[in-house]
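Protein chains: 2
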Amino acid sequence: MATVAELLQPVENDLETLLSDLRSLIGAGHPILQAAAEHLFSAGGKRIRPGIVLLLSRALSPDGELSSRHRRLAEITEMIHTASLVHDDVVDEASTRRGVDTVHSRFNNRLAVLAGDFLFAQASWHLANLDDLAVVKLLSRVIMDLADGEVRQGLYRYDTGQSFETYLDKSYCKTASLIANSAKASGVLSGLGNDRLEDLYRFGRQLGLAFQVVDDILDFTGSDQQLGKPAASDLATGYLTAPVLYALEERPALAGLIERELCEPDDLSQALALVRGCEAIPRSRALAEGFAREAGEALQWLNPSDSRTALLSLPEFVLSRLY
Amino acid sequence: MATVAELLQPVENDLETLLSDLRSLIGAGHPILQAAAEHLFSAGGKRIRPGIVLLLSRALSPDGELSSRHRRLAEITEMIHTASLVHDDVVDEASTRRGVDTVHSRFNNRLAVLAGDFLFAQASWHLANLDDLAVVKLLSRVIMDLADGEVRQGLYRYDTGQSFETYLDKSYCKTASLIANSAKASGVLSGLGNDRLEDLYRFGRQLGLAFQVVDDILDFTGSDQQLGKPAASDLATGYLTAPVLYALEERPALAGLIERELCEPDDLSQALALVRGCEAIPRSRALAEGFAREAGEALQWLNPSDSRTALLSLPEFVLSRLY
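Just so you know, the protein sequences line up as chains A and B, in that order. Note that this note's numbering numbers the first sequence so that position 182 is 182, with each residue one more than the last. Note that this note's numbering numbers the second sequence so that position 125 is 125, with each residue one more than the last.
For reference, chain A alone in the conformation it holds in the complex (with noise of 0.2 Å):
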């Protein structure tokens, strides 16, 4: 299976300009944004989201070639996803994420959110001068889903009550809109009529969803090491997401473990036996997996390229993380 970097190989280019752009779009001028914005986007990001917007823009080019409007799309994406990660990680207290300190806990909690706040405003700004109102809806709709993804969060911890769609809901807003609304957005650029749009929207929403249910299963079968945090620190955290939900079904006493917020000593390891001696994995494998060939199915149409190519595995990418 290919690497992340091999798969993005037909933006490689594209990435390096979007990523100097955005370091020196926010640190200019601002020394104490400066060395976020080193921090940011230098660090260990897999620029994914971003590389898919060069992807489809290059794919539905008929030249394919990229306009300024679709790298700006691009880097738009990136600026609002990188903004809700560091507020995320001021309200979630994280002090890494894929293994790298994180804003707040290597600067402070001040400038951690200064730094989300001016590149959500920046963010804002770029989109409304785009000047496509489709766009701005599309694009503000996602900053709306994240905050309330972050709410609903935090609403439902330890809740073992919860239905699945209520987390379906949550990674869909948490993960799954800001993919598919700027693949959409990508597509209105392009000039597309609204069943294509329709697709890229689909597209982005499963893979999405794929990606988020593999992240949710690597929780209760990567190491510390793989993930770049500890092991099992959704549960740990309250945050119950497939696994745990369909290990509810298989498993009733881990409702009790659970709703005591898993505070005797051996709660979280007897918990987590609970989850992975059952079919719970293999279910959660499953989901992801439907999820990711829906994505693929709905980008067919798409004419030839390198970019299409590229676009097609990316499903199978994600999945390749389980293996």
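Think of the hints as simulated: they come from the structure by calculation, not from any bench. Among the hints, a few may not be true.
[Stated by the list, open to error] Not everything, but these chain A residues come out facing chain B in the computed CB check (under 10 Å):
{"no.": "1", "residue": "ALA83"}
{"no.": "2", "residue": "VAL90"}
{"no.": "3", "residue": "ASN109"}
{"no.": "4", "residue": "GLY116"}
{"no.": "5", "residue": "LEU119"}
{"no.": "6", "residue": "ALA121"}
{"no.": "7", "residue": "SER124"}
{"no.": "8", "residue": "ASP131"}
{"no.": "9", "residue": "ASP132"}
{"no.": "10", "residue": "VAL136"}
{"no.": "11", "residue": "LYS137"}
{"no.": "12", "residue": "ILE143"}
{"no.": "13", "residue": "LEU155"}
[To be verified] Far from chain B by the CB rule (all over 12 Å, computed), these chain A residues:
{"no.": "14", "residue": "ASN13"}
{"no.": "15", "residue": "ASP267"}
{"no.": "16", "residue": "THR309"}
[As the list claims (entries may be wrong)] Computed list of chain B residues with no C-beta within reach of chain A, every gap over 12 Å:
{"no.": "17", "residue": "GLU16"}
{"no.": "18", "residue": "ASP195"}
{"no.": "19", "residue": "ASP199"}
{"no.": "20", "residue": "GLN300"}
Glycine included, each C-beta is placed from N, C-alpha and C at the ideal position.
Use these hints to put chain B onto chain A, whose structure you have.
For chain B alone, kept in the frame of chain A given last:
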């Protein structure tokens, strides 16, 4: 002189509706935000910003009635203002505002970040759905200016070499931009031509600057009780405002105290005595009076109405806080 409530009387009912709409909008379905929303939209705010939008909208309307889009614009204005206050209080580590506990001191940093993001997100979503690209651009500029102003304010702490222009730019970003651009947006929704739009912008800009300079003067002349925060807290924090910048021209000794960050026990009271004992306060007052006069001049063309009368009393009202 009239009170704020008397001044805003022509839109008193509109403001009541606006506040109850905002409370239900933010709190709905999110219990953890409910308390923050109650706190934010019930506390001692004077609602001057949405009040100005509502007064202008009524003054510009042929039949004196408000359109639903003008109402929505006023709500967006208050959401953006409140979101920025909540985040600024985290960044500035303020524990009270207008004598009331801030969200992050009453609840915590996490909820303050979340509530601010949620408000910004709602604002940008409703903004996009006003379906007017010019209005989107004006208000997204405000969001950018607010973030920019907050960054700059931090950048120039204790910097006695900063120019008066730096101070005015910062004041524009943090206070005047919202009033100026929302006033202009209200004219855009009313279908005014460019010259009138510029008048509205100038009214808001000069009124906002007058308001900020008055606030900066009160920091030196008001009591803790009048201000709802410790007197001279700007200077103590290193924020150099009009009175200090004028005083630096007349009292060179002040620079030394500020440059060592007022770290010796008597530094703050000595600095205060220097500011109060020269022409700095009268000169600042003259500056505010100039801005207020220009604000009033910008709106003379409005047709007679209760709303016009209220709007033209605002500059005088802003100054009246000094007497």
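* Asked: Looking back at the hints listed earlier, which ones does the structure fail to meet?
  -> none
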